[in-house]
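Participant: Build the complex: two chains, separate frames, hints provided.
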Amino acid sequence: MTVGTAFHPRTAPLNQHLQWREWSGFFAASAYHDSHVIEYNAIREAAALIDVSPLFKYELRGPDAVRLVDRLITRDATKLTPGRVFYTPWCDEHGRVLDDGTLHRLDDEGGAQVVRWTAADPQIRWLRMNAHGLDVEVRDVSESVAAVALQGPLGRDVLEAATGASFADLRYFRRRGATLAGIPIDVSRTGYTGDLGYELWIPADRAVEAWDALVVAGEPYRVRPAGMLALDVVRLEAGLILIEADYTSAVHSHIPSQNYSPYEIGLGRLVDLAAGDFIGRRALIAEMAAGGPPRRLVGLDIEWPAIEALYAAQSLAPYAPPIVSRTPVPIFAGGRQVGRVTSTGWSPILKKMLGLASVGLAHARTGTRLAMEWTVEARRGTVAATVVDIPFFDPPRKRA
Amino acid sequence: MDIRTPNQGGTRVAQRYDAVIIGGGHNGLTTAAYLAKAGWKTLVLEKRRILGGATTSDEIVPGYTFSVLSYVVSLLRPEIIRDLELAKHGLEILPLDGTFTPLHGDFLWRRDDHAATMREIRRWSATDADAYEEYGQLMADMARFIKPILGMVPPDPTSIDPRDWLGVVGLGRDFARLPERQQAAFIGLMTMSAADFLDQWFETEPLKATMSASGIIGTFLGVRSPGTAYVLLHHYMGEIDGAFRAWGLHKGGTGAISAAIASAARALGAEIRTDAGVSRVLLTPAGDRATGVVLESGEEIAANVVISSADVRRTFLQFLEPGILPEDFEAQVRRFKFRGSSGKVNLALDALPTFTTNPGGSEYLRGAVSISPSLEHMERAYDEAKYGRFSRRPYVDMIFPSLVDPSVAPPGKHVMSCFVQYAPYNLAEGAQDWDNQKEAFGNAVIDLVSEFAPNLRDVIVEKQVVSPLDMERDWGLTEGNIFHGELSLEQLFFSRPIPGWARYRTPIRDYWMCGSSTHPGGGIMGANGRLAALELLKARRTKVA
Chain A
23 MTVGTAFHPR TAPLNQHLQW REWSGFFAAS AYHDSHVIEY NAIREAAALI DVSPLFKYEL
83 RGPDAVRLVD RLITRDATKL TPGRVFYTPW CDEHGRVLDD GTLHRLDDEG GAQVVRWTAA
143 DPQIRWLRMN AHGLDVEVRD VSESVAAVAL QGPLGRDVLE AATGASFADL RYFRRRGATL
203 AGIPIDVSRT GYTGDLGYEL WIPADRAVEA WDALVVAGEP YRVRPAGMLA LDVVRLEAGL
263 ILIEADYTSA VHSHIPSQNY SPYEIGLGRL VDLAAGDFIG RRALIAEMAA GGPPRRLVGL
323 DIEWPAIEAL YAAQSLAPYA PPIVSRTPVP IFAGGRQVGR VTSTGWSPIL KKMLGLASVG
383 LAHARTGTRL AMEWTVEARR GTVAATVVDI PFFDPPRKRA
Chain B
853 MDIRTPNQGG TRVAQRYDAV IIGGGHNGLT TAAYLAKAGW KTLVLEKRRI LGGATTSDEI
913 VPGYTFSVLS YVVSLLRPEI IRDLELAKHG LEILPLDGTF TPLHGDFLWR RDDHAATMRE
973 IRRWSATDAD AYEEYGQLMA DMARFIKPIL GMVPPDPTSI DPRDWLGVVG LGRDFARLPE
1033 RQQAAFIGLM TMSAADFLDQ WFETEPLKAT MSASGIIGTF LGVRSPGTAY VLLHHYMGEI
1093 DGAFRAWGLH KGGTGAISAA IASAARALGA EIRTDAGVSR VLLTPAGDRA TGVVLESGEE
1153 IAANVVISSA DVRRTFLQFL EPGILPEDFE AQVRRFKFRG SSGKVNLALD ALPTFTTNPG
1213 GSEYLRGAVS ISPSLEHMER AYDEAKYGRF SRRPYVDMIF PSLVDPSVAP PGKHVMSCFV
1273 QYAPYNLAEG AQDWDNQKEA FGNAVIDLVS EFAPNLRDVI VEKQVVSPLD MERDWGLTEG
1333 NIFHGELSLE QLFFSRPIPG WARYRTPIRD YWMCGSSTHP GGGIMGANGR LAALELLKAR
1393 RTKVA
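The listed protein sequences derive, respectively, from chains A and B.
The first sequence runs 23 to 422 under my numbering.
The second sequence runs 853 to 1397 under my numbering.
Because the hints were derived from the structure by calculation, they are not lab data.
Certain hints may be false.
Residues on chain A that point at chain B, a partial pick, calculated with CB under 8 angstroms [claimed, not checked]:
1. ASP56
2. GLU67
3. ARG303
4. ALA311
5. ALA331
6. ALA335
7. LEU372
Even glycine gets a Cβ: it sits at the ideal position worked out from N, Cα and C.
Excised from the complex, chain B in its bound form (with noise of 0.2 angstroms):
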């Protein structure tokens, strides 16, 4: 039996392993720190030339360092850092303050300063002012009451082990007992689209227009898209040094986050290969179960457990050959949606752009800024997208990350980093024309941008443009998708990434997946790593047992 306890006996072939991950990313490299932590022989595999997958950074041009894909982080989850004292490995996690909305002749900038809010919505609105509040209450509350999903593997729907359940039970306890306002307010999240579920609170455009952008990053959902409410609380949960709804930089770039973690595995013994592109995964002759894998170089790699980061269609249908798994389930591996639909563009400057309309000094530019003056605004942006076409006035979401840690630019010179939505990853003309429409998609976002801060062009010293494309084929996002598929409803928690296959494993015995494609999704957290970490040990053990 290979199933055992990793180190108990048995002999060791050379270059055996207890566990070879795939992928270098941040959820690789946190399953390798805890299995490394539990003692195993664990090899990471990543076949870039650098460590983080989409959390990295990169001196791009000279003295500049963009975050080139992810660029901020809220969700890491704080029992991460502190298993795997990622402070001594270099994390540092910088806090960005306030969203800027710039308008025609006007803005709307809130703040890290509650007065100084109040007081800027009550210029556009009294009753929003006192909305606001009761808002943030209530989403505080309802982030409180979901969040612990976020720790939790998700049972089984068709188990009968009540202790798969507890966590759930505990759940709808909570539930329960809030007053019924909020479980309406839950109801809402769950079913209404994020234009809706806003406008049942708020009057002012571009109020409601900014707040509604997180409803559909990383979908290919428009504001109006029912759904995308509960994409809202999900962006909501974010938290930082024990306050919620924080958002953060990492000094460094996003990729400092996936070098703390990477030491940190390193440090618990952790190996750690790059330019390591893994071909397949290796199976016993019956194809039932995993052995190890075989890299593009053609070396093979013998372990007890494999593990993909990567994402689901590839975890499947790349690393596996066709036919292996059941059918059923390799048909909804393909259906998993993923559907990119945003892209990046990230600038070195000379100096700041000035927006026309600003309140003075710098410090507004300090948070987000965000194209997003009116839901009409963000609505048009996702009609083109329906039709193959990137947005040529999309939504932006920008920061300036060299005002908060300027290690990443020369001193006194500035990085900006543009999120841009949409950019369909299927464009009409089909996904390989993005390297024709690159440069349009590009022009079109700095031409955006300029309407409001006419001088940015003059302040830029280089550019990347990175589609959906770019992102499939320099970094194996399916289609682009920054997730690893889409977060909407019905690909979360016990549904993701196959319904009944929650839980880390899969169909293949030993085989195991712990990437964004998992509960509870993408962003930076960290999650997924840990949990499949986790419930990998806990599977042995009990097998032993």
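Here chain A stands alone, though its shape is the one from the complex (with noise of 0.2 angstroms):
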């Protein structure tokens, strides 16, 4: 049975519509408002709250906190200093990609590292499995603690406000705890926006308690809630990949097309094979030696006026779908397919077309130009689509 989070009390009653999907056994928003444009808008000019808590969570904690880090991702865990963050992916034996998440590197207690990991899917038996040997506990805290993002470029003055603290010198990627209405807190400088904002992670039991601070001192910068439908469009301006939509988990997996290694998924950046053991690294040494995996992620800049042509040819006015579509759609090169479209949608801020697509080596190359199926009154077409580099939209304040 779907369960509310922490912050269902405060949301329930602002979701005007009862548009709940279903996360992780969560009730999750998937707009509060009229339009879940309203809700962009607030990501990209104002400050938004996303309630992010059904993220799984997990705390490792002992003197080889790290090490058990070091042995699953695929990036260099001795550099995760404390008030460091990471995103990264982290793989099975054959370097295929388990999940991604980010890694939080809390403050040291005692003698014991602290490690919050946050992750798509469950993952605690894969931890405690390849914990062995290690001084560590790993706990599920899940649902202990609560997660809200606050995210667009008022998010700094809204958290200073409500904290009554100044956030200038938390860079990008980096965390530290704070105090909220009287409530310990830990704030990240993170988010799947590619906005300025912060995730803020909170004691379940005091989530309402915040959620209401942040509200009031969000009042004059105009913050909103905002839901799914929102945070989809801006993930995928952002470049952002979601799993079960761009890749699946090799947990998941039944053929193993379905498998994909972080280089096929836009994560090569994050594999560190210099960097000691982790599990996959021998396979993905394999696979680079043997020249790579055959397929890559890429951006689509979609022709709109090839989409107008299509509606125009049955007359009808083009409709730009509001809604990120994760229906894979394929691609042709030559009348050839060579790949799957996997996240397309409209961006307000671009006024284009995007897609995420996976597609042949051979095509991946900026500025190779495509064609992908587009449907319109259930006849099909093609519309040019160009590749291009992600992110799609990348304003400096994200990293300010």
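Facilitator: The following block contains the structure:
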């Protein structure tokens, strides 16, 4: 049965249209307002509160916490010093991606290292299995820690107003503790929006108080709650991948083509083959030695005039669906299918139709012209799409 | 011969440009960007200290940014956004949702929630709710039919070149294919008044009155004047992100649109100068061809082509010596109707005003707020204007941009934009009397809005009143017309601005037009500027070939 998150007593009455979806067993608002575009604008122009509590969260505690991390992630975990946050994938022994998430190095407690591990899918078994022989305790804190993303160009103003502290010094992918309305919280300079923003990690039993404090402090900055539909648009603009949409976890794959190497989902830059052993490293070394995997994640600039023409051919006005589609669609080169478009959506800020696609290596170079299937009134056609660099939208304020 | 592809051969004198554009409004800048993109050495000359013309924002009160004149956008052509990559240059259009019509003891609130809007209209009239859906469908179909005109260079009615007529033939074919009912509706739109047209559909007064308003904006006509129905449609053609009928705001005010186009133009190589008012266009001794411009400072700038984005009266009667133009042409320029009819009141607010009867919260202020309780209110407002008085109880279209874009006001504070009609340029006491009546005009607007939102006066920090005379003096909008001339049927398409001269050319060779006086008219579309540039580029290539 789906249940509410720790913020549910506040978010439920705000969800005017009862538009919920299920996220890891929790109710997650699709949209709170008449249109999710209002929330999209709050993320890009003002500030928004996004309940991300359904993320799986684990706490790794002990003298060997970082060693456990180092066994698992593709990055060099020894650089995950207190106060830093890593975004990283982790793989199975075949070098196929299990999940991606952020790892937060909390402050040491006594002699113990503390890491907060967030994930889209449950990981407790994987973490505990691989903790064998290490002095580290792995706890599932998914339900005891609530999380809200405070995102948008005015997000810092809201956070500072709410906490009475300056956050000018908290750099991109750093974290530190703070106090919000008397509640001890943890603040990370992270998010899934490609904008200036923070994620707040709050004791679940005080989540409602924290929400109220953010809303009050955020009022002059027009802070709004934002749901999953708006989040999907901004993450696409930011070129951020989504599990089960842009790739399949090795846990859930049934056939080899559903398995993805980090190099195939745009996360190759996060694989450090030189930095000690981690699960999947040998497989990835072998894969690279053999010329690398056959597919790549690319950004697509899908030509709007071509879409307009498909509508015009049926005497219809063009229509840009405001919601990101996660239905995979074939993409062609020279009439032959060369991959699939996994996320497709209109960017209100760029005035462009964007896509994330998985295509063969030969078609992954920036500037390559491909043809994507596009259906209007149940009639299939193709539209031109050009491979472009991601992120599509990357404002300087994201890192500022 | 001077008619040659720019940058090709010939000796170049210092300061000689392929194209000089008079006026740095959104159209002038758009033309400049397209010409620069084609490799032309292009210069834009703007008289004011800031770019944008009527598409301008200014921090009139410290901390508060006003969209001083134009305040919403919907028709900015998507092809321009794409061609010039305006998003990269800072273009950010935010949707403006819904319209709230306050009444004494009630309200009508249409919003971006179909079911809620239906329920709201049904509260007034069950049949109107059904009609509203059908009407929306019809107007969308009409808009779709007529919209290609916006991207089309009007044919010269005397031309026999079939290529000129291809677009129109297509339109005719589309018209013939429309169902009979839609053909009839189209004829109605072309001939009826907005009030009569809406009377066919609806019975709810505030609904009809609020919808009728888009038929009169920028015209010196009333909601019961024939021809205003078409203007309803013109405003229905707005488009944001592939959705028809949506109005939007620009982040940082409309001036940021001009800034984005200017940035794109500069990136493409155009030069832009402000505080550089043009006093005259230079002609050959025979007076048949433009060769450059003279600035108010006396500086002369040579150019192969001069393009004016100023309105038709300035373009022909101010920048040229009298007697240069053919007499009949000049007479038609003089007859072109401006008749500015609107004013602007911009307010800096300490807090949001509270409308006495409201649905709760502040979301109802997120879209447009329209003082248009009845068709009679609208028509009476016009009655006063006919005799040279500003409306004591005008039609007011208000928005609170700070609710959507907090960057335009300090945290927790707000800006309020009031578009007010009627404010006739020609007062009974003469246009110059606007300076004496402006204060009373601003107060009349605030008094009227205060009837519905009594705390308005208490929250005003500062106000800015812009009269049609101000628009003429400070922005060069002749007679204060916001569209560079009325958007009435006889002044549109191949009759805009002068019958036979709808293709951006003028009787003077190498002197072109690209402003809102040309097809397809006013509003922040940029289509005029783009089409003029493309037509000019096409003409040059043709001549060389």
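Participant: None of the hints should be skipped; say for each whether it holds.
Facilitator: Comparing the hints with the structure gives:
1. ASP56: Since chain B brings a Cβ to about 4 angstroms from ASP56(A), closer than 8 angstroms, the hint holds.
2. GLU67: holds, 5 angstroms
3. ARG303: Violated, because the Cβ-Cβ distance from ARG303(A) to chain B comes to roughly 39 angstroms (cut-off 8 angstroms).
4. ALA311: With a closest approach of 40 angstroms, the ALA311(A) hint is violated.
5. ALA331: violated, 13 angstroms
6. ALA335: Violated, about 13 angstroms.
7. LEU372: Holds, because the Cβ-Cβ distance from LEU372(A) to chain B comes to roughly 4 angstroms (cut-off 8 angstroms).
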